[in-house]
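A.B. asks: Just so you know, the protein sequences line up as chains A, B, C and D, in that order.
Okay, so the first sequence: first residue is 210 according to my numbering, each after it adds one.
Okay, so the second sequence: first residue is 210 according to my numbering, each after it adds one.
Okay, so the third sequence: first residue is 210 according to my numbering, each after it adds one.
Okay, so the fourth sequence: first residue is 210 according to my numbering, each after it adds one.
There could be a bad hint or two in this list.
Pairs involving identical chains hold if they fit within one copy or between any two copies, as the list cannot separate such chains.
In silico EDC-like links for lysine to aspartate or glutamate, alpha-carbon gap of 16 Å or less [claimed, not checked]:
| # | residue 1 | residue 2 |
| --- | --- | --- |
| 1 | 352 | 314 |
| 2 | 352 | 278 |
| 3 | 260 | 238 |
| 4 | 383 | 369 |
| 5 | 320 | 347 |
| 6 | 375 | 307 |
| 7 | 352 | 329 |
| 8 | 352 | 243 |
| 9 | 319 | 378 |
| 10 | 319 | 271 |
| 11 | 352 | 330 |
| 12 | 383 | 371 |
| 13 | 320 | 330 |
| 14 | 383 | 278 |
| 15 | 232 | 378 |
| 16 | 232 | 255 |
| 17 | 375 | 264 |
| 18 | 319 | 307 |
| 19 | 309 | 347 |
| 20 | 228 | 257 |
Treat the hints as calculated values from the structure; they're not laboratory data.
Number of protein chains: 4
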Amino acid sequence: MLVIYGSHRNNGNSEQLAKHMIKEMKTEEIFLRDLTIHPILDQRHDEEGFKHRGDDYYGVVERLLQHDEVILVTPLYWYGMSGRMKNFVDRWSESLRDGKIEFRESMNRKKFYVVVVGGDDPNQKALPLIMQFRHIVEFFGAKLEDYIIGEANSPGHILEDERAMKRAEILNRKWRNI
Amino acid sequence: MLVIYGSHRNNGNSEQLAKHMIKEMKTEEIFLRDLTIHPILDQRHDEEGFKHRGDDYYGVVERLLQHDEVILVTPLYWYGMSGRMKNFVDRWSESLRDGKIEFRESMNRKKFYVVVVGGDDPNQKALPLIMQFRHIVEFFGAKLEDYIIGEANSPGHILEDERAMKRAEILNRKWRNI
Amino acid sequence: MLVIYGSHRNNGNSEQLAKHMIKEMKTEEIFLRDLTIHPILDQRHDEEGFKHRGDDYYGVVERLLQHDEVILVTPLYWYGMSGRMKNFVDRWSESLRDGKIEFRESMNRKKFYVVVVGGDDPNQKALPLIMQFRHIVEFFGAKLEDYIIGEANSPGHILEDERAMKRAEILNRKWRNI
Amino acid sequence: MLVIYGSHRNNGNSEQLAKHMIKEMKTEEIFLRDLTIHPILDQRHDEEGFKHRGDDYYGVVERLLQHDEVILVTPLYWYGMSGRMKNFVDRWSESLRDGKIEFRESMNRKKFYVVVVGGDDPNQKALPLIMQFRHIVEFFGAKLEDYIIGEANSPGHILEDERAMKRAEILNRKWRNI
Numbered sequence: 210m211l212v213i214y215g216s217h218r219n220n221g222n223s224e225q226l227a228k229h230m231i232k233e234m235k236t237e238e239i240f241l242r243d244l245t246i247h248p249i250l251d252q253r254h255d256e257e258g259f260k261h262r263g264d265d266y267y268g269v270v271e272r273l274l275q276h277d278e279v280i281l282v283t284p285l286y287w288y289g290m291s292g293r294m295k296n297f298v299d300r301w302s303e304s305l306r307d308g309k310i311e312f313r314e315s316m317n318r319k320k321f322y323v324v325v326v327g328g329d330d331p332n333q334k335a336l337p338l339i340m341q342f343r344h345i346v347e348f349f350g351a352k353l354e355d356y357i358i359g360e361a362n363s364p365g366h367i368l369e370d371e372r373a374m375k376r377a378e379i380l381n382r383k384w385r386n387i
Numbered sequence: 210m211l212v213i214y215g216s217h218r219n220n221g222n223s224e225q226l227a228k229h230m231i232k233e234m235k236t237e238e239i240f241l242r243d244l245t246i247h248p249i250l251d252q253r254h255d256e257e258g259f260k261h262r263g264d265d266y267y268g269v270v271e272r273l274l275q276h277d278e279v280i281l282v283t284p285l286y287w288y289g290m291s292g293r294m295k296n297f298v299d300r301w302s303e304s305l306r307d308g309k310i311e312f313r314e315s316m317n318r319k320k321f322y323v324v325v326v327g328g329d330d331p332n333q334k335a336l337p338l339i340m341q342f343r344h345i346v347e348f349f350g351a352k353l354e355d356y357i358i359g360e361a362n363s364p365g366h367i368l369e370d371e372r373a374m375k376r377a378e379i380l381n382r383k384w385r386n387i
Numbered sequence: 210m211l212v213i214y215g216s217h218r219n220n221g222n223s224e225q226l227a228k229h230m231i232k233e234m235k236t237e238e239i240f241l242r243d244l245t246i247h248p249i250l251d252q253r254h255d256e257e258g259f260k261h262r263g264d265d266y267y268g269v270v271e272r273l274l275q276h277d278e279v280i281l282v283t284p285l286y287w288y289g290m291s292g293r294m295k296n297f298v299d300r301w302s303e304s305l306r307d308g309k310i311e312f313r314e315s316m317n318r319k320k321f322y323v324v325v326v327g328g329d330d331p332n333q334k335a336l337p338l339i340m341q342f343r344h345i346v347e348f349f350g351a352k353l354e355d356y357i358i359g360e361a362n363s364p365g366h367i368l369e370d371e372r373a374m375k376r377a378e379i380l381n382r383k384w385r386n387i
Numbered sequence: 210m211l212v213i214y215g216s217h218r219n220n221g222n223s224e225q226l227a228k229h230m231i232k233e234m235k236t237e238e239i240f241l242r243d244l245t246i247h248p249i250l251d252q253r254h255d256e257e258g259f260k261h262r263g264d265d266y267y268g269v270v271e272r273l274l275q276h277d278e279v280i281l282v283t284p285l286y287w288y289g290m291s292g293r294m295k296n297f298v299d300r301w302s303e304s305l306r307d308g309k310i311e312f313r314e315s316m317n318r319k320k321f322y323v324v325v326v327g328g329d330d331p332n333q334k335a336l337p338l339i340m341q342f343r344h345i346v347e348f349f350g351a352k353l354e355d356y357i358i359g360e361a362n363s364p365g366h367i368l369e370d371e372r373a374m375k376r377a378e379i380l381n382r383k384w385r386n387i
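Produce the complete structure using the sequences and hints provided.
C.D. replies: This is how it looks when you write it as structure tokens:
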């Protein structure tokens, strides 16, 4: 299981909720904030395709290809995923066009999970983002297995969102078969 | 009227649709691809607030404050706005906290329009993005006045989306009172 | 092409918009208001299945099976389809369970269109209904080909919604190949 | 607190989930299946307004006006609320026009909760319905306080949806201040 964090702050609310979800599990974690991933250059229609950008994107994709289950973790910024996470997702267009890797086939076989934490009524206002993630994974013919929406307005506040924490625990026990 | 373009390519499909919409009108245009706007650093919870980033963001906000009507133009990337546009929107958190400008009050009084062009059934799969924009402008108590979704799969293809082009013309005539 | 009207009033706004869409075309029309279609009794889990209700539902289904293209026309009531239309759709559960007709296979092959007219910002507030119709037709593996949302607040007002009327004309010309 | 059930079956899944949510609380319960509530006749534009239908609708509205908190409970039928529930909601148009009761003002002051149980991935496919309910209560200027989506495919199955049951318990303890 691979966990990809799109948050800016170390140990922020979305990260804490995700950590609770994968407690005592063996996972690989990638923190996008520690990496350089450039915004996509739209070269979909260029004859020669996308130019190699020489950043950390390619390494993350290599790891992505090794996992069957992927958790995408992001704070809710303006009712969407973080720019960091979006930059990463946008670059998937590059991997789709790149003939060397079986990106589409690999993504198709994965199970995706989404964790979102926001401060302004996220259980209602993050629903368009959940739908967006659904469209994203369905593009590959994959399934958005599940999602957790948490509410938090200040650092650490997520621990008081009993509903989100419980949901994380339930998923955790299911994954660990306990 | 201010038009803010979030596309990467010069004269791309979303840009062409927006140009059709503002034909023969006096507007100010800002192309985010010509500017440097860094992703937000989440310093909402830092005591001293957001640090000045020294990039082009502040200039765009100054222009934004001068207009009552704003058109946000973006290609549909992975069923969301472009990273460029998202980076710009994310930085609004910085202006909200900045006591020197009346950002919230100014945004509250504006009318917002959205133009989105995508290739994979955007009239259905861009709906979550429209809802996201709605949440964004409603945060300020403003109204998403209208939106146009266009469909295009290759450069210039938008001109064949008669529905979107007509809708652009109708709005254009309404704005020009003709 | 089969057009099913879920409105209450004769020649109401949604009906007028749909008529504009099928102008000079050969279609079959069904007005649910002229028929008796009872709400579903939830007997999905009853051993003997659904009881025959003796109402007009079965006749409509017979007609439905004869067409490859179906337009569902409904006013927007409380941001959803009319109760009449919903009662009709709900009864599809009965046809699904009924082994005598190949309901699911027939529906899978159809192209569906939706026409919705409402008074309170329907281009934004009818989007959940469009998404619901999408889920409905995707249940059968079919496709929501297109939809038109019209805005009207009083009888006949739809004729002034230039955008919706144009969209209807564009579809009409496409269907008639002119 | 008033609980309005829109399900057909006695003790069905949505009912069981709602009962869990209001356990050991003093509430008033209304089962729409025991009442006669006709579909609305669209007489919004008739001079004399809506005719009195002589059914049970008016009694339910009287009870509705007595409560500050209302839970709307419905099975998910074709990704929407049940026809019974929709018929009831549609009739609100009648109360809005009726000058004798302060329907709008009363609704404006209420807190609304929604409980939905469905069988086909409801945590994703019931989201448009949640958005519809949001539009409905926001029409009155009221707030959709919270919602619970449960998953169940056969009678009693909801008890195994640990996530929904936990969420119900959390709300229950919050309401009971324990």
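A.B. asks: Next step is simple, just say for each hint if it's right about the structure.
C.D. replies: Outcome of the hint check:
no.: 1; hint: 352 / 314; verdict: within (13 Å within a copy, 24 Å between copies)
no.: 2; hint: 352 / 278; verdict: within (11 Å within a copy, 29 Å between copies)
no.: 3; hint: 260 / 238; verdict: neither (27 Å within a copy, 29 Å between copies)
no.: 4; hint: 383 / 369; verdict: between (22 Å within a copy, 13 Å between copies)
no.: 5; hint: 320 / 347; verdict: within (11 Å within a copy, 21 Å between copies)
no.: 6; hint: 375 / 307; verdict: neither (41 Å within a copy, 37 Å between copies)
no.: 7; hint: 352 / 329; verdict: between (27 Å within a copy, 13 Å between copies)
no.: 8; hint: 352 / 243; verdict: neither (28 Å within a copy, 37 Å between copies)
no.: 9; hint: 319 / 378; verdict: neither (22 Å within a copy, 33 Å between copies)
no.: 10; hint: 319 / 271; verdict: within (14 Å within a copy, 41 Å between copies)
no.: 11; hint: 352 / 330; verdict: between (26 Å within a copy, 11 Å between copies)
no.: 12; hint: 383 / 371; verdict: between (18 Å within a copy, 11 Å between copies)
no.: 13; hint: 320 / 330; verdict: between (27 Å within a copy, 15 Å between copies)
no.: 14; hint: 383 / 278; verdict: within (14 Å within a copy, 35 Å between copies)
no.: 15; hint: 232 / 378; verdict: within (9 Å within a copy, 23 Å between copies)
no.: 16; hint: 232 / 255; verdict: neither (45 Å within a copy, 28 Å between copies)
no.: 17; hint: 375 / 264; verdict: neither (38 Å within a copy, 42 Å between copies)
no.: 18; hint: 319 / 307; verdict: neither (19 Å within a copy, 36 Å between copies)
no.: 19; hint: 309 / 347; verdict: neither (22 Å within a copy, 33 Å between copies)
no.: 20; hint: 228 / 257; verdict: neither (41 Å within a copy, 29 Å between copies)
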